[in-house]
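Protein chains in written order, with our numbering: chain A, 1 to 348; chain V, 1 to 323; chain C, 1 to 508; chain X, 1 to 331.
These aren't lab readings, by the way, just hints derived from the structure by calculation. Treat the hints with caution; some may be incorrect.
Stated by the list, open to error - Here are the simulated lysine-lysine pairs, DSS-like style, with alpha carbons at most 30 Å apart:
id, chain 1, residue 1, chain 2, residue 2
1, A, LYS127, X, LYS153
2, A, LYS72, V, LYS296
3, A, LYS44, V, LYS296
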Amino acid sequence: AGKWDGGDDLATSPLECGMGPAAPAAPMKYDGGQPTNAADKAGKEIVVVDVPKLIGIGYFNATAKGIQDAAKDIGNVKAKTDGPTEAKIDEQIKFIDNYITSGVDGILFAANDPVAIAPVLKKALSKGIHVVGYDANSTPDAREWFVNQSPFNGIAKSMVDAMAKETGEDGSFAIVTSTFTTPNQARWIAEMQAYAAKCHPKLNWLETVEAQEDNNLSFNQATTLINKHGDKLKGIFGMTSVATPASAEAVTKAGQCGKVAVVGLATPNAMKPYVHSDCVKSVVLWNPIDLGYAATYVMRAAVDGKLKPGDTSVDAGKLGKLNVINGSEILLGAPYIFDKANIDKFDF
Amino acid sequence: MSVFAASPGRRVPKWLARHETLLAIILVAALAGLGAFNNRFLTVDNLLNQGRLMTEIGLIALPMTFVIITGGIDLSVGAIVGLSAVMLGYSWKTFGFPLPLAIAFALAVGGLAGFVNGFVITRVKVPPLIMTIATLALYRGLAEGVSQARSVRGYPEWFYGLGQGEWLGVPTQLLLLVVLIVIAGVALDRTTFGRTLYAIGSNETAARFSALDVDRTKVVIYTLSGLASGLAAVVLVSRVTTTRMDMGMGYELDVIAAVVLGGTSIFGGAGTIWGTVIGLVMIQLLKNGLALTGVKGDATIVVIGVALIMSTLIASSLQRRRE
Amino acid sequence: MSAAATVPLLEVKGLEKSFPGVRALSGVSFDVRPGEVHALLGENGAGKSTLIKIVSGVYQPDAGEILIDGRAMRFAAPEDARRAGVATIYQELLLFPELTVAENIFLGHAPRASGGRIDWRAMTAKAEALLASLDIDDLAADQVVGSLSVGHRQRVEILRALSHDARILIMDEPTAALTEADVTRLFAIVRRLKERGVGIVYISHRLDELFQIADRVTVLRDGAWVGARDMADTNAAELVQMMVGRRIDNLFPKIAAPIGAPVLQARGLVRNPTTRDVSLEVRAGEIVGLAGLVGSGRSELAQVLFGITPAERGEIRLDGQAVRIDSPERARAGGIAYVPEDRGAQGLVRAMSVLHNFSLAALGGLSRLGFIDRAAERRMAEAGVLRFGVKTSSVDELAGRLSGGNQQKIVLGKWLANNPKLLILDEPTRGIDVGAKAEIHRLMCELAGEGVAILMISSELPEVLGMSDRVLVMREGRLVAEFDRAHATSQAVGAAMMGGDDPMERAA
Amino acid sequence: MSAIPVPRLALPRAGIFRRFASQEALLALAVIGLAIAVGFVNPRFLAYRNLADILLGNAYIAIAAIGMSMVIISGNIDISVGALIGVLATVSGSLAVAGAPTLVAWIVPVVLGVLVMAAQGAVVAYLRIPAIVVTLGMMSILKGGLISVTGGKWITDLPQGFHLADLNLLGVPMPVAIMVVATALAALWMRYSASGRAIYATGGNAEAARLCGVNPQRTVVMVFALHGFFAGIATLVYATQLRVIQSTTPPGLELTVITAAVVGGVSILGGVGTVVGATLAAILIAEITSALVFVNISPYWTDSLRGGLILATVIADIVRRRRRASRGRRI
Ligand SMILES: Nc1ncnc2c1ncn2[C@@H]1O[C@H](COP(=O)(O)OP(=O)(O)OP(=O)(O)O)[C@@H](O)[C@H]1O
Ligand SMILES: Nc1ncnc2c1ncn2[C@@H]1O[C@H](COP(=O)(O)OP(=O)(O)OP(=O)(O)O)[C@@H](O)[C@H]1O
Ligand SMILES: [Mg+2]
Ligand SMILES: [Mg+2]
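Bound-form chain A, shown alone (with noise of 0.2 Å):
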């Protein structure tokens, strides 16, 4: 059948099969923006603001925190994170702006929307502000800098892996997420979308749901999907931090633990019960906190003059060396998967 539902148009770009390591792609042209007439604050103290896509839910909390650590490791960072309460772009806009005219030194940011994001972050690069985004993209000249946390191909193809590898290969699943708007989400389904029909081809979309940010909307439609599918159904994709814990809830509440599996993105603390009773094997996500972590990093070296367009590595404090791809992006490392043995290592 055609499309899954809630993927987006652009091209995607499936990984191979297997366990082969990604095939480092072709060395890009930087094609970031520059901010025009900076002050020369190399080596000074600066002041940055970091505005999520949305605060008040757990995994920008996590970057806030990585933030926060960044800024005490390297000493002459002062940072705050503020933005709207819910993922709504209008309000991002509005919040950035404010910062705009309060003349902060930098802006971090992850998009609710890449392109209607765009002129408020040029704004800031013409009035010298330096600007650098992670979790969620821009277009690339409204900003210096990506911190990529791992590419939407290579989330995709840990997804379906570990769908295929806990159903089989010709289970069939069905997919809860946030929006079909929310264009992570929209990405990263149609990169499994890809992946599946490359690697696994046998698997078996059913359908996928909407269930906003809502906890209890999300364990309402996952209880639907089983309810709906009977036997039918094999696993649940969770694509949100807030779907996956209520995916696994509806299907311990329903007896299925063991009969239908859920994968996704999602953040350690939600999950460990979940994990601990083994109705979920392997829970994706990359360490949010050592996100914002470099995201900071990549600012203060952007002022420094540090980074400059055409390297191809950045020093990220403890994080190490991280490596410039797609020209203009940092790219922080392959996802994480937390399972039984890892996951009480974590606290976010």
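Please arrange chains V, C and X with the ligands on chain A, whose structure you already have, making use of the hints.
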């Protein structure tokens, strides 16, 4: 038979006791306070930029004032913004409409969505709150269904003039808003249309028995509400260079907050455009001023909530004392 | 009849009350004895309602005292007054439109069953008993009040007051919306209550009623006490003189006007279920009275003619031209004006100023390109206030703050500002004082003289008979009889209203 | 001229019970009809498990709608209930995690709900600020305050005994049991207590209520306090259903709750409606959401269909009522 006991001149002048005037005084005091804390707040640049950012809400707040004065409400405005934005993008990209035509089409869809609200409210007599709660889901759903949740991007450069450009140093859309404020203000205060709105809000039956065209007037205001939402959508798409189906989500509460803060009675019969403008400016500048003073977004929301309650409280108790 | 020796049940001394801009009461004293009906009389805005609202605990007096059984009381809230045995029927009907008749009657003191729960069955039974005690058989305890006519609602109010077993019963114009038959029944109840020793305060603008039912009368003028009389020792002329400060000679000053061509010709109007095949004609300069019982469909007919509930079938001609009247706008455009019966709900926008109320139906003529000429509007309203003698501190006063009668004058005035060809008046003088009533009647004659066709609905038979050139009688949605002035006697018209065993032949 | 005979007129009889019952009957019919219709497309929809899950997962909305109905019947409205439930859930969860006795973790949010709502009611009643302004402001305060205080940290590691929603009452899952009992008690109270009737009176005509010895101000405070109570109870179901409490306010919950109340026949003008209607409407709305998944509607179109179905229900009810009214009108 004595007719006029005395002219009412001895009392405090009426305009001074008005909610709007008192609110304006509170607003000026708050702004002065915030301005004293922060030298970037009361600058022409910042204020004009805030004007740009509040335009979409402002555009919708004007007809919403009309609607609330008649004792109605329109909760579907945010959804109409989404639907119109989608129609703009979809007709341009998929139908291949030239952009000016696509803009007209988006406005027409907004107007039509509002018209449907008004039509069902007056003909089937569905209470406005119920009708627009239902169309809130319906229109948002149509936006999602038509667009299949895909965004539309890459509009031609000239289109961004509306949302990002300026004219004589003033943001384009702010000029548009100011013109419409004046028109709406005059229409409400000086015309039979405006008087009809007040009459409907105070006593709809009596308005009908006075041979005022109650139903047509209501259809007109809900249509205007849809049109304004469509216009807001065009401005918004131009400002943020992209069309998304979730645009305008939650606008209804922001708009209503501005209108009721401005002294328009939710029970109908009372309210002014001038009050709505003050309410609008108050919320926008309070948010902005607090942000510039270093207050974080979550705390700002709290302050806005307190301000909404307190300013209404102060204004109404002062008003009561003076009367 | 009066029990002079006993202590008054209720006595007020030196009451003062001011509202912003108005001195509503200045030094009014007044008392009611057991088994006595004491009437309050005064022009519209004289302060009668204010006085009784103070006695009922709705308003607090600025000065003066209230004594019950000779003991000074302070009523901070209506409950206090009720506990002291005072029950009140207010001039503005205060009902809960969404609740049933029974619940409206017993709200606040519903019969309880075990555990304090409301005993619905007992409540319905009691309500039915009350209805029966008033011989009301066209009203059921479980009807929703919102669907009732004004007359029925008024009865519910009366029942509510009666349900309290009060020792002092105050009625503020209870008969304003009642037909003669209902008034007769109400009086029977009042007499019964008198026998039980209840003291009754009675406000009415209908002088003849007072002579039937009242023992004493106190007259107020402009908030001040003018005098008190035993009804037996006074006459209408004296009372009017006391009230208005001048003499009014003729209560129904019918002046014959030349009758011209038909203005309104209606054929076979049908609007189910209340208007059934009605045909009528009203000519220029003619006053046609429309009589009928409450609920006979007169107001409905008026609303069909005015386009509020357009006719489903039938034909309307104005000045000989067939017209389609499917909305009030069309009716107004055709030169029809309708002064509705329920001024609170249909006539007046209480929250608007007198000024804006006056102009509401005439906005089209007062505006250019939709813009209101505010100077002209003010001139019009001020002229109207003068012409109709509306008692208000200024045209900017809220209409809802005026006394009931003055509100009615505004409703009337606003339609006359339109210079209509056909004027439909629905209970035009309900709740209006004698002075103003005479003026309205004079005005009607004046308008008729100018060639306006007038259709007047009234439940006051003397008014119908006194003012009409022709009388139509309506029953159950049909016109059942027609009389010319010479043949319209109260017996004949009354019989036609009731509908006897032998159906009335329509006189051509 | 005494004892003039009055012709007996036919009376349209509309008993209060039948009048309201038919409102609820329509909703009940819609709930059952929809279930059967969807059952034709996909019989699994009619499985006991699925029907129970629909009730289970949405009981908190129905419970919150009870209080909301009362508020709306009294002539007011509340926009803050979603934010309040978010705050109460966080308070409850934090207490449980901090080691407070389970009973305390359950009772404190209910008490707090009553206090917050009563305070809002008092501002509405005594300071005469329209409810929409007060509750809109309070929504902001609660929403922002919650994030400020918690930083949005999720509450995990909830103790086992905390999960009230996992318990059963006589074999009925607790959320459903609470929903049914709360609805029944509220319905009886609204019908048979003087205070319950005072709500209708206040919403129908506050001035008349005052003259009938009802204290409209006190009634409004009471109604808000009760609404807070039901919001507290709803919180218990909402917060104990999952292993995680999101320290944010459930998005759009207030609108869902208001929708349930008005679709349930509560007039926004006050004075009319029943809590049973609201509960049935909440169930209907939940059922629609689930049904749309079952009948394989493209998820892109589900929202518009949900809106359309709600509208259809409302219009059907209004048309039915109108028809009834015109049949009842006769002379
Ligand atoms: N709440 C109020 N605020 C201001 N003025 C008022 C108020 N109530 C009454 N008045 C004024 O007090 C005066 C007396 O009014 P009241 O209602 O007592 O007259 P009334 O004798 O009952 O007249 P009617 O026969 O027309 O009912 C009027 O001038 C009226 O406008
Ligand atoms: N027996 C009844 N039961 C219920 N409602 C009735 C009854 N009779 C009439 N009504 C309603 O009450 C209203 C009274 O009708 P209408 O106003 O036409 O009568 P009317 O002759 O003008 O009497 P009124 O003296 O009240 O003006 C109508 O809306 C009618 O539907
Ligand atoms: Mg009076
Ligand atoms: Mg009538």
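To see whether the hints hold, each was checked on the structure:
A hinted pair counts as satisfied when its Cα atoms are at most 30 Å apart, and LYS127 (chain A) with LYS153 (chain X) does not qualify at roughly 34 Å. A hinted pair counts as satisfied when its Cα atoms are at most 30 Å apart, and LYS72 (chain A) with LYS296 (chain V) qualifies at roughly 21 Å. Under the criterion of a C-alpha separation no larger than 30 Å, the hint pairing LYS44 (chain A) with LYS296 (chain V) is consistent with the structure, at around 25 Å.
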